[in-house]
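Enquirer: With the hints as constraints, model all of the structure from the sequences given.
Number of protein chains: 4
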Amino acid sequence: MAGASGYAGGEILRLLCGHPRLASGELEIGSLTAGGNAGSRLGEHHRHLFPLADRVLEETTPEVLAGHDVVFLGLPHGQSAVIADALPPSTLVVDCGADFRLEDPAEWTAYYGGDHAGTWPYGMPELPGNRDRIAGAGRIAVPGCYPTVSILTLLPALAAGLVEPAVTIVAMSGTSGAGRAPKVNLLASEVIGSVRAYGVGGVHRHTPEITQALSNAASLPVGVSFTPVLVPTSRGILATCTARTSASIDEIRAVYEKAYADEPFVHLLPEGEFPETGSVIGTNMVAIGLSVDERSGTMVAVGAVDNLTKGTGGAAVQSMNLALGWGEGEGLPTVGVAP
Amino acid sequence: MAGASGYAGGEILRLLCGHPRLASGELEIGSLTAGGNAGSRLGEHHRHLFPLADRVLEETTPEVLAGHDVVFLGLPHGQSAVIADALPPSTLVVDCGADFRLEDPAEWTAYYGGDHAGTWPYGMPELPGNRDRIAGAGRIAVPGCYPTVSILTLLPALAAGLVEPAVTIVAMSGTSGAGRAPKVNLLASEVIGSVRAYGVGGVHRHTPEITQALSNAASLPVGVSFTPVLVPTSRGILATCTARTSASIDEIRAVYEKAYADEPFVHLLPEGEFPETGSVIGTNMVAIGLSVDERSGTMVAVGAVDNLTKGTGGAAVQSMNLALGWGEGEGLPTVGVAP
Amino acid sequence: MAGASGYAGGEILRLLCGHPRLASGELEIGSLTAGGNAGSRLGEHHRHLFPLADRVLEETTPEVLAGHDVVFLGLPHGQSAVIADALPPSTLVVDCGADFRLEDPAEWTAYYGGDHAGTWPYGMPELPGNRDRIAGAGRIAVPGCYPTVSILTLLPALAAGLVEPAVTIVAMSGTSGAGRAPKVNLLASEVIGSVRAYGVGGVHRHTPEITQALSNAASLPVGVSFTPVLVPTSRGILATCTARTSASIDEIRAVYEKAYADEPFVHLLPEGEFPETGSVIGTNMVAIGLSVDERSGTMVAVGAVDNLTKGTGGAAVQSMNLALGWGEGEGLPTVGVAP
Amino acid sequence: MAGASGYAGGEILRLLCGHPRLASGELEIGSLTAGGNAGSRLGEHHRHLFPLADRVLEETTPEVLAGHDVVFLGLPHGQSAVIADALPPSTLVVDCGADFRLEDPAEWTAYYGGDHAGTWPYGMPELPGNRDRIAGAGRIAVPGCYPTVSILTLLPALAAGLVEPAVTIVAMSGTSGAGRAPKVNLLASEVIGSVRAYGVGGVHRHTPEITQALSNAASLPVGVSFTPVLVPTSRGILATCTARTSASIDEIRAVYEKAYADEPFVHLLPEGEFPETGSVIGTNMVAIGLSVDERSGTMVAVGAVDNLTKGTGGAAVQSMNLALGWGEGEGLPTVGVAP
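Chains as they are written, first to last, in my numbering: chain Z, 1 to 339; chain G, 340 to 678; chain L, 679 to 1017; chain V, 1018 to 1356.
No lab work stands behind these hints, which were simulated from the structure alone. Cβ atoms here follow ideal geometry from the backbone N, Cα and C, with glycine treated the same way.
Here are the simulated lysine to aspartate or glutamate pairs, EDC-like style, with alpha carbons at most 16 Å apart:
(1) L/K861 x G/E383
(2) Z/K258 x Z/E126
(3) Z/K183 x V/E1061
(4) V/K1200 x Z/E44
(5) G/K597 x G/E465
(6) L/K936 x L/E804
(7) G/K522 x L/E722
Listed next, with one range per pair, are the computed distances between beta-carbon atoms:
(8) L/R719 x G/A449: 24 to 32 Å
(9) L/E935 x V/N1202: 20 to 28 Å
(10) L/P698 x G/A449: 49 to 57 Å
(11) V/P1281 x G/G369: 19 to 27 Å
(12) V/P1238 x G/G369: 50 to 58 Å
(13) G/S363 x V/P1287: 29 to 37 Å
Expert: As structure tokens, this is what we get:
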């Protein structure tokens, strides 16, 4: 696990601690590495991981990471390729960064700058055909947190052509999605008691990732207006997704029910109920509520996800399970910690 | 002041305590009335109003309210008409409820049920022509909190025809907007750590009020998709307002700058900056940020307001100032309490 | 499970959903009952319990609860005795209420009013001799949340006579400890952004329970000054416990290390580290940090607990495990959900 | 104003914006200076100070600060002396840092390291004799936030000898008291949902300041056990202060009532009521509740303060008012922003 002192690293370790293959001895937690925190106890950084409190962090180098069957990367954007290239093809590498998510190099350059590192199988098994791709992969790119909930909340309606291919997504996120590097605008004093829009006007880096997946699903270009909002919670994203429609709520529900009938981590709420982030905290679930507003001619679909679990670490473990031939849902909670 | 133990009542009293006409003796805080809380000390309910802590709440009856020059009503929807009808036309009545906001009785019946009580001048001076209407009024309907920020954030673009008349509003509110009556879904345990969509699909009662004002401004029917979201703060609403546009950011900024050049309580942020609720808490300000997303062909305008101040009590005092011929901004804070 | 729609009920169900004996078929979740919520879906109340969302709540009656091997009671104080008396001795009854915790009927009457129902084995296995008592019990009284953390944080020092038998406990709790019945003072608007002392001056009902356990441990009367404080979190209690001492930090650490060496759910932090509630959320752990302030001649011991897990539902399941002869820690998380 | 982009600086500016001498022209807000933020707009840092949004920050140098009648210093500890020494004696210097608060150089060195800069009149007018000292001063040391509430909550009981001179203070603070420099442990993700003890065991730097004032008041050495706790709010401190007593609640209330009868910023709550931080946010008030627990033989006094207002910026303005011969309470709010 590279980047073990960050939030993504902590979440993967939390899930691995509860993975049934750990108890059975088929899974071992190997080297934990970090950048500036190398040399310190894990317990100083993740005080909630009691069983691992006395593990000591090593330097993030290919040498330290070599010799593991699976390597999770939780590194700042742009740092994954160097590490991944130094690991043998037989090592399963699961990257929580953005480096290998985009298909179009021009989009990478426009949103992240620099050269595109490549494209790996996208670790979202719920996309058509993706489950097989992940099962056979040696390299997996874990989806971003905003894309996870946005894509899964909109996918069936767009794939079925029930809404216009121009969607408005306003998504509220807790602060853990912004990582653990200290910045003034992420201080508790700045965040508590306040709600703040940022990355307004299509400039957030998750915009092309959402656009790519939705356009692929709809088999035509989808216009995406994406506005992220920072709210005073630590975990959780709620995405409100609006698109014009002439379909009825029954037609729309029918395609969602069919699309997600066999998905273990997508929960469609009964008609008239809408999700909240509080119910999915700590779980790998995406909860979705659907409505049609006939006056304005719009579908409003609302999705909730824990950005660190299904939005990062849970998807990473889910992808690992598939790639190793284990049960897809092993070690992945479906019951939240609430209230 | 009828309904003095509720949040709207507390906010009006907070502002009146700081009103310069109180110090000069031209303003006196008369009877404070309540429903179930009548007979108790105000300090039991509004522990922050130190100077009024020992005032005792009376029953909300026309008799108790008679004899005042100005009466503020902070009552549950549907209860204002009976009180107002019993007060003489010479008494300025400022109603913080919804009863007299809508022009169309059918909309009232559809969203609130029962018969429409009537329509009073709408206490939003920033609407074209409204400042004069309020100045001459003896009865004023204070706008709803979501409508206040939604309307002011979208008005110039719609009035100038720069965006399509179909808007998507997603607005996040703290819990004080839902009032002080105890309900399970408003308990701190349910709200803290969670973000929840509610009233999805155009069913929130503020939808027709927003539609009415925007359609009047645009002189044509405006389609409004309105989704409210509950966030874990006490005060503040952030509204993200999206509409298709082919205008440039410069064209759009120009109409906003012109529209709000002389408005004391609307603050247009510099290009690239977007508001947060934390900066307007305790103020009568609306802060607005503008962007155009050329990829998706949308304008995204974001507005922030304190739902209890400019969204309720501040608008009430602003309207009173106008109706009494006092300075419009007297007693209305333009500096927030942050962080 | 009686009282399944409350917070204690929800927490027990959360833990049972993850209990390994559920997967193996040795444990089944039987009838779920409620008071006013009977007849509704569990998913309306506990939206985080996805696998149980469609279970329907029944009435809390002895008839409905009969026929189960284990019955958990999560009822308002004073209601447990009637239900328990109607269940056969062969049914294991685990009561999360206060009814059977106190040994002294006079204390019961002084703090709760009415007649004392009796005294059951106290479900805190970490108390000397208690593990055996619980293992052989058919009726178990789950400790209160404040007592759990207060007692375990002070016990070794008092039992060893290292501090004076006069302790000052100031404990900050989230709101879920106050239950789910709607009250104005528990509304999010009142709680967010505020810290409030309540039950000051020894009047909180957990005071005699703490006093009883500490006096038993010290074999002499212990004076307890207990001040609870409400903080804006949902879960978690942090207890700061101060007592005069002439012992050194090394002496004190030694008795704690010995006392808790084999306790699976007590984590003693390294010297100089102090707990936070955030690290124990969702776990059955108590985290304890110790210090001696030589200037003021005091020991300050700080403990953290999740009031719903180790403070209620976790202790209930831990006691059940013991009473059924299962592994004490089965189904009880030792890894928290953080940040 | 030196250090204008920090929280103390922002608060002083907030209060000056509402000061009546600003409106009358007797007060002008001169140069605003900063360290690393020099050259930027104030609106980038304090988005709530709308009227000052376009002011540009200058470098913190004696040259820039020269020529003002009053200079407020909001600098990191240890930096005030250099600036103050370069300003003429005729300039009123009000220091919000710790540099000039302690009387005993040994205590300074023990808690802060390095050499003691000196001792200035302590800007707490409520201490006996201090109002006159401040009125005649050209240099004023603003008290720390924890000391402000701790001292005022305990002072009358200790001065009257009604409690033993050994006190236990547990004080919960929001994060703004820790300043605006970005640190991992102050990130919203770490703070939200958590309560954390820190500086346990008498090591917090405010301990000698509290001890000094209480010992002076009692005319004998007072033992102080001080434990600070970080809670998920931005503003506000609640201090629970416990001391052994054989006095009755009536005796204790009598001395508090007498001590604070004429204090404009101390509010003694009625018997049985206790303060919360939410009611003092934005005000210069200290709210105090008193109790005696006869079982444990203790007085528990609870005080609440806004750490940025009465705890820093409000005390600075209050001291300035006194030193300039203006009304002590000018520009200082006594009504909070709640809920």
